[in-house]
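Asks: Read top to bottom, the protein sequences are chains A and B. The first sequence begins at 24 in our numbering and counts up one residue at a time. The second sequence begins at 146 in our numbering and counts up one residue at a time.
Hint data in this document are derived by calculation from the structure and do not stem from the laboratory. What you are looking at is a predicted structure, and each value in this text was computed from that prediction instead of being measured. Note that beta-carbon positions come from the ideal geometry of N, C-alpha and C, so glycine has one too. A couple of the hints might just be wrong.
Example chain B residues on the side facing chain A (calculated, C-beta under 8 Å, incomplete) [said to hold, decoys possible]:
#1 Pro264
#2 Gly343
#3 Pro346
#4 Gln360
#5 Pro368
#6 Leu423
#7 Leu424
#8 Leu426
#9 His434
#10 Ala490
#11 Lys493
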Amino acid sequence: MQSSRYAILRLALLAFVAAITAPPAAADPPWSLAPLARPAVPPGASHPIDAFIQARLAKEGIPPALPADPRSLLRRLHYDLTGLPPTIDDVESFAAECAARGIDDATSRVIEKLLDSPRHGEHVARHWLDAAHYADTHGNDHDHARPNAWPYRDWVIGAFNDDKPYARFVAEQVAGDILFPDDPQAIPALGFLAAGPWDDTLMVGVREDTVDHLMSQNLDRDDYVMTVMSTFQSLTVHCARCHDHKFDPVSQRDYHALQAVFAGIDRADRPYDTDPALHARRRTLLARRGAIERRDSTILAAMQAPAEAARLEAAVTAKQTRADAFQLLEILAITSVASPGTIHTPLPDGSWLASGPTPEKDTLLVTARSPLRDLRAIRLETLADPSLPGGGPGRYEPAGNFHLTEFSLAARPLATADKPAVPVAIAHATADHADSNDPVQGALDGQATTHWSIHPRYGENHEAVFHLAAPLTTEGDAILTIRLDFQGATGHQVGRLRLSVCGPELAPADRDPLPQALAALVAKPAAERMTAETETLFFELLRGEVEAELAALPPPEKVYAVTNDFAPQGSFKPAKSPRPIRILERGEVTKPLEEVGPAALACLPDLPADLFIRSDDEGARRAALARFLIDDRNVLTWRSIVNRVWQWHFGRGLVESPNDFGFMGSEPSHPELLDWLACWFRDDGHGSLKALHRLILSSATWQQAVAFDAAAAGRDADNRLLWRAHRRRLSGEQVRDTLVSLGDGLDLAMGGPAVVHFLDKGKATFMPDGGAPAFLDYEHFPADAPAHRRRAIYRFVFRTVPDPFMDALDVPDGGQLVPVRNESTTAVQALALQNDPFVLHQAGRIADRIGTTENIAAIVDALVRHILLRSPSAEERALLAAHAERHGLTAAAHLLLQTNEFLYLD
Amino acid sequence: MPSTPRHPRREVLKTLSSGLGGIACAMLAADEAGAAAPFLHGGKPRAKRVVELFMTGGASQCDLFDYKPRLEALHGQPFDPGAGKRVEASISTPGAVMKSPFAWARHGESGRWVSSALPCLAREVDRMAFLMAMESSSNVHGPASYLQTSGFLLPGFPCAGAWISHALGSLADNIPAYVTLPDARGLPYNGRSAFTAGFLPANHQGTVIQASAPQPISHLRPPPDRTDITSESRAEGLEVLTRLNALHGEARPGDDRLAARMASYELAARLQLSAPELLDLASETAETHQLYGLDQPETADFGRRCLLARRLLERGSRFVQVWSGPGGGSLNWDNHGDIPRELGAAAKGMDQPAAALLADLGRLGLLDDTLVVWTTEFGRMPFSQGSVGRDHNGGTFVSWLAGAGIRPGTAFGESDEWSWKAERDVTTGYDLHATILWLLGIDHERLTARHSGVDRRLTDVHGRVVREILA
């Protein structure tokens with residue numbers, strides 16, 4: 024904090040960055056980069072952990088604490104392994120087991136039981152999702168929901184329950200799709216990379232050619248680098264992006280080389296299949312589609328083979344029939360109902376162009392003459408035009424969008440001018456393109472709130488074909504009245520349109536619009552096509568075939584993950600090959616220097632940074648980095664994870680900064696123990712996290728009491744040497760789950776979409792009318808709703824509007840990586856526990872469960888046993904009985920839920 | 146960071162110091178002053194408290210304060226800043242030069258230009274010091290708002306109010322240090338993250354008071370249908386709880402957190418007692434209600450919150466934030482479509498209450514040690530979007546400060562002849578934050594917190610105290 028100290032820290036930071044980026048010989052590396060060798064276990068205690076800890080305590084002359092009492096021990100075991108409390112019955116049978124078998128045997132049986140419980144994965148997953156800054160919304164100003172984030176959460180729970188070996192656990196989260204292509208579950212693992220916040224305004228809404236857009240891509244990659252390196256390597260390499268320090272140029276190169284590893288991916292919903300056969304089939308088709316889109320040389324060669332070329336040419340002919348089958352409608356007039364000043368002018372190609380004022384809402388009445396005697400479908404083309412905003416085809420400023428809220432048709436024979444037009448029913452419609460939220464069906468449902476929109480493909484022609492429910496037959500020509508409603512968003516009208524119709528000569532399926540790129544080329548006679556055009560046409564046809572095959576498959580599951588294959592949306596488009604990464608002077612996107620290729624960290628002993636990737640293969644980059652991370656020689660990987668697990672069980676790591684093993688972080692309190700654990704976990708434990716939990720929890724060190732000792736505290740006030748256990752406060756999730764388990768009872772259903780604990784308008788985005796984020800109403804969400812009974816890990820975590828109750832208990836909002844939670848003690852917290860309807864409801868349910876007998880002392884005994892897992896003292900009994908008699912048993916239960924004894928783990 | 150604190154007493158105090166009703170903040174302040182808290186610059190603090198008026202959406206400098214005759218001369222012509230300069234709009238194609246639809250006049254002895262959109266604030270210009278050439282590194286609401294609230298483009302960093310709460314705590318033991326008053330129509334961009342304590346302890350986050358809601362402060366009272374919970378049952382319950390915790394604590398020495406939790410309940414009770422009085426605007430005179438515009442529908446919400454802000458400042462809050470407009474694309478200062486209509490409405494809702502706050506603080510003598518800040522996340526373009534709207538412009542925008550330690554009637558900085566880019570004496574959000582901290586007695590380079598391997602600051606690695614506008 025003082026300036027001299029700050030200066031020293033700045034120097035240290037510089038030294039550290041230099042150390043991790045320069046050749047190892049150049050500076051003394053931080054402790055964490057020293058070679059990893061298994062230290063000898065000191066003589067003494069039989070458990071290796073105890074041997075290290077006690078040897079150190081003996082050196083300081085501090086005696087370890089006595090073992091915890093069985094009740095405290097069992098409570099700690101349950102919370103540490105499952106996040107849930109034991110019941111009073113568990114406590115009593117454990118005491119009996121301890122008496123019968125001895126505490127060690129009884130304890131190891133409990134550990135095994137709890138490690139086998141599905142509740143275990145649900146609990147440990149919470150630690151991991153904190154570290155990964157996972158949430159169910161994007162964050163930032165338009166905080167849209169991520170309805171498909173949860174498969175990653177379920178993958179994490181499953182991985183811990185299945186005890187997936189750590190190397191595999193790491194590799195799947197970085198490159199599961201590449202390294203384990205046959206395992207459909209390796210796709211949801213990629214949710215790790217996508218877990219953090221994402222600015223959809225910047226990525227989608229802001230123009231591609233802006234500095235803001237470049238900056239957002241840079242920050243997006245920075246999040247990948249930071250997440251991967253902090254989580255798996257415990258290194259804060261992202262500070263090498265900081266532009267105010269005079270870094271060694273090599274260091275910037277190193278950081279940007281890591282960015283290059285992630286230069287080909289973006290965050291988006293990614294399809295996957297749980298059925299392996301379907302997974303394989305879809306993968307083949309997607310690969311083929313990718314190859315077609317890349318115009319891969321093998322595809323090109325195949326389609327030039329005579330038989331294939333003939334087949335494709337025949338397909339073109341069939342398509343041409345379709346184009347010719349529509350006949351232009353002669354438009355007689357277009358009337359703007361809302362705005363007489365709006366003019367529609369005919370153009371030579373049969374289309375009509377709007378000019379003049381754009382009313383807020385409008386209805387266009389188009390009168391046209393149809394030459395058909397048997398009309399089956401009507402085609403509406405909306406055409407681009409330079410006079411329209413954004414090139415059209417809509418009139419909305421600035422983008423050229425339109426919202427066609429309703430399409431309807433009426434007809435009368437030309438000969439009977441005096442008769443009113445009769446409505447003609449439309450069966451269904453198809454469009455060449457529609458915003459995924461606004462399909463063309465929205466123009467046929469009679470609702471002004473739904474519409475057809477062509478967002479984000481502005482400045483292009485589009486078309487929709489409306490199929491009549493029954494043929495419209497007439498003696499002579501017919502006069503059609505086409506009504507186009509634009510009753511939704513302000514100014515969203517079509518600016519240029521053309522109409523055509525077709526009769527029975529086309530099969531219904533052939534009437535549908537062609538993808539745009541295809542339509543123009545199909546119309547051209549084969550003889551007039553250039554070679555390149557024919558190739559384009561064939562590629563498009565092949566793509567259409569693959570799309571059709573893909574469309575015929577059962578719909579895939581989706582997970583919000585990283586991918587380079589997604590539908591473009593506005594400025595957000597997939598990278599066909601990794602985006603070039605340049606070193607940025609002072610980290611500024613406007614000051615690019617030379618380009619760098621992908622590489623890993625250069626600072627690890629015996630492990631080369633070169634990933635040996637020379638191609639533009641996006642997946643190969645991530646796969647190579649994953650192999651680097653899980654290499655046995657990667658000293659950081661193994662030190663990092665054993666320290667993390669240690670921290671989950673002790674509340675503090677051997678290194679107190681789990682994401683920072685550099686000079687700015689802490690040094691290990693027990694460096695030899697850390698290295699021994701790292702080697703043991705890697706070599707003997709084979710990366711089994713359950714084995715590591717078992718090892719730690721079976722130690723006398725972990726099992727000792729919280730007992731305070733003034734003499735020991737005088738020597739080590741902070742208990743860094745672990746002469747006693749740390750008292751820990753229950754996490755927000757543990758408080759919540761415990762309240763439910765004591766009150767309503769937990770609904771132990773696992774997995775699935777996130778459970779919402781607030782009132783909303785039922786929209787995926789929770790943004791009524793697309794406007795401001797509402798005050799999500801957590802307060803009035805019914806306290807007795809079944810959703811409250813699910814475990815807290817399944818909660819919908821809304822980044823920018825967190826649940827105030829969980830917020831008060833230090834539950835993170837997913838904005839930052841949180842390797843260690845804050846533990847605050849605030850009046851806000853006191854008020855939340857006092858007044859939150861959910862807490863009060865559970866207190867009431869607890870009182871209901873205790874039931875009624877005449878004997879208030881017996882009731883209070885039962886209540887205390889239920890909540891605190893012990894019998895009350897005489898004074899406690901008297902206090903609580905008096906309170907219950909005056910204010911009810913619910914009030915007494917509510918008090919117990921607020922005690923320190925309930926909220927802290929001894 | 147959790148678990149056993151290194152300096153138990155100080156940590157207990159700090160843990161409790163402000164989030165909602167700080168314990169013994171005076172003690173803490175004395176403690177820190179006595180020990181010369183390392184982040185204090187040593188000079189006499191000019192401000193004790195700050196009120197920030199934040200215009201959500203990017204208030205248009207060239208329609209409010211930054212008068213440019215050139216826009217009138219070239220109205221309707223293509224925008225061409227010359228010399229092949231690149232013109233980049235955020236979401237639209239740059240349109241033609243657009244003069245302000247509002248009339249301009251000079252005001253006060255200082256002769257500051259203010260448009261007719263702000264008739265009431267125009268009368269207060271001699272109290273203000275303008276930063277006429279602020280620039281933002283983002284043109285987009287989310288990151289630009291984060292930048293202007295927390296000094297970083299990304300989520301998860303503590304906001305200015307949280308830093309100030311962390312450093313100084315509250316001035317009274319029954320009022321939160323950092324209070325934020327969002328628009329009744331919705332939260333600002335970035336939702337509650339706009340008030341976050343980031344990686345600082347949660348008690349430093351902005352206490353949200355929804356001034357128009359039936360329950361303005363979350364969890365302050367039991368749900369209204371719980372008639373079984375009375376003030377008597379609560380008081381007696383607190384006694385029993387205190388005794389149960391004392392029994393528990395007697396057997397567990399050496400852990401200050403247990404005592405701190407008991408103290409937190411006492412603080413909660415004090416806040417419950419003080420809040421009704423705080424929120425009771427009916428105790429203000431009819432004249433005051435009128436002054437703040439509580440009697441008119443357009444100004445009632447912002448006026449209510451400005452008045453509440455004054456009451457919070459009087460009672461000891463350090464940093465009070467009043468938001469003009471919700472996030473999203475309408476009802477705020479994000480006037481893409483129609484400057485005359487949309488900006489006119491936003492200005493009407495803010496103008497009179499903001500001017501009233503200045504005048505009211507002035508007549509109460511509070512302006513001597515209260516800093517008033519008016520700001521926004523970025524400005525708007527001098528050319529049109531669509532027919533009469535304006536797109537985002539991080540290139541230049543205006544903020545003003547008034548009150549404690551500010552040299553009144555001054556302006557610093559100048560934009561180019563278009564009001565397109567900041568040109569001379571350019572300032573940033575970092576500079577604004579550095580200046581606010583300076584006036585509170587804090588050196589922005591020394592107020593740090595370690596997170597993820599870096600000693601983080603409100604001002605990142607930037608920031609300069611704008612001494613040119615200080616008295």
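Asks: Taking 8 Å as the limit, does the beta-carbon of Leu423(B) come near enough to a beta-carbon in chain A?
Replies: violated (14 Å)
Asks: Grab the minimum C-beta distance from Pro346(B) to chain A and call the hint holds if it beats 8 Å, violated otherwise.
Replies: Interface hint status for Pro346(B): holds (4 Å vs cutoff 8 Å).
Asks: Can we keep the Leu424(B) interface hint, with Cβ of chain A closer than 8 Å?
Replies: Because about 15 Å separates Leu424(B) from the closest Cβ in chain A, which is outside the 8 Å limit, the hint is violated.
Asks: Against chain A, run the beta carbon of Pro264(B) and see if the smallest gap drops under 8 Å.
Replies: At about 27 Å, which exceeds the 8 Å cut-off, the nearest Cβ of chain A leaves the hint on Pro264(B) violated.
Asks: So, as I understand it, the hint says Lys493(B) touches chain A; can you test that by seeing if any CB pair is closer than 8 Å?
Replies: violated (19 Å)
Asks: Against chain A, run the beta carbon of Ala490(B) and see if the smallest gap drops under 8 Å.
Replies: violated (15 Å)
Asks: Hint Gly343(B) vs chain A: min CB-CB distance below 8 Å?
Replies: holds (7 Å)
Asks: With a cut-off of 8 Å on the beta carbons, see whether Pro368(B) makes it to chain A.
Replies: Holds: closest Cβ of chain A sits about 5 Å from Pro368(B), inside 8 Å.
Asks: Next item in the hint list is Gln360(B). Is there a CB on chain A closer than 8 Å to its CB?
Replies: For Gln360(B), the interface hint holds, since the closest Cβ of chain A sits about 7 Å away, which is under 8 Å.
Asks: A closest beta-carbon separation below 8 Å is what the hint needs, so does His434(B) meet it against chain A?
Replies: violated (25 Å)
Asks: Regarding the hint that Leu426(B) lies at the interface with chain A, is the smallest CB-CB distance below 8 Å?
Replies: Status violated, d = 20 Å.
Going down the numbered hints, you'll see the structure goes against 1, 6, 7, 8, 9, 10 and 11, while the others check out.
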